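Participant: Sequence:
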Amino acid sequence: MKSDLEKVFAALGESSFRRGFRLRGKELDYLHDKGLPVVLEHAADFIEKRLAAAFPANDGKQTPMRHHPVFIAQHATATCCRGCLQKWHGIQKNRALEDAEKQYIVEVIKAWLIRQER
Numbered sequence: 007m008k009s010d011l012e013k014v015f016a017a018l019g020e021s022s023f024r025r026g027f028r029l030r031g032k033e034l035d036y037l038h039d040k041g042l043p044v045v046l047e048h049a050a051d052f053i054e055k056r057l058a059a060a061f062p063a064n065d066g067k068q069t070p071m072r073h074h075p076v077f078i079a080q081h082a083t084a085t086c087c088r089g090c091l092q093k094w095h096g097i098q099k100n101r102a103l104e105d106a107e108k109q110y111i112v113e114v115i116k117a118w119l120i121r122q123e124r
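For the sequence shown, this note's numbering gives the first residue as 7, with consecutive numbering after it.
Because the hints were derived from the structure by calculation, they are not lab data. A few of these clues could be false.
To be verified - Beta-carbon label-pair distances, calculated as ranges:
1) S22 <-> K67: 14 to 24 Å
2) K99 <-> D35: 33 to 43 Å
3) R101 <-> R30: 30 to 40 Å
The structure presented is a predicted model; accordingly, all values stated were derived computationally and were not measured. For each residue, glycine too, the CB sits at the ideal point set by N, CA and C.
Whole structure, please, built from the sequences with the hints as guidance.
Facilitator: This is the structure:
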């Protein structure tokens, strides 16, 4: 899993759009104040409500660009919509996410958030 994540982050690092995201200001403060476990609970909830369905509402536009560290992490890691999940992570569109895929997405977000805390 770790080597898979390293490959994903290496590929994402080639995208000027993806590597431009950083936690700053209120979002970074929120991560420090709430702590990583709570923020990851939020991530799991957002994934369930915004990505897990076969055809999520407003797919491609359902993840805000700010106001929560998870939203920024989703854009940075290409876990923001089903199209990005398919392109960058090989998770097929037009079917509900499996539990293992949801867990994988949380792990990708977690790895990015940890990198931002350094």
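Participant: For which of the previously enumerated hints does the structure constitute a violation, in increasing order of number?
Facilitator: Result: no hint breaks.
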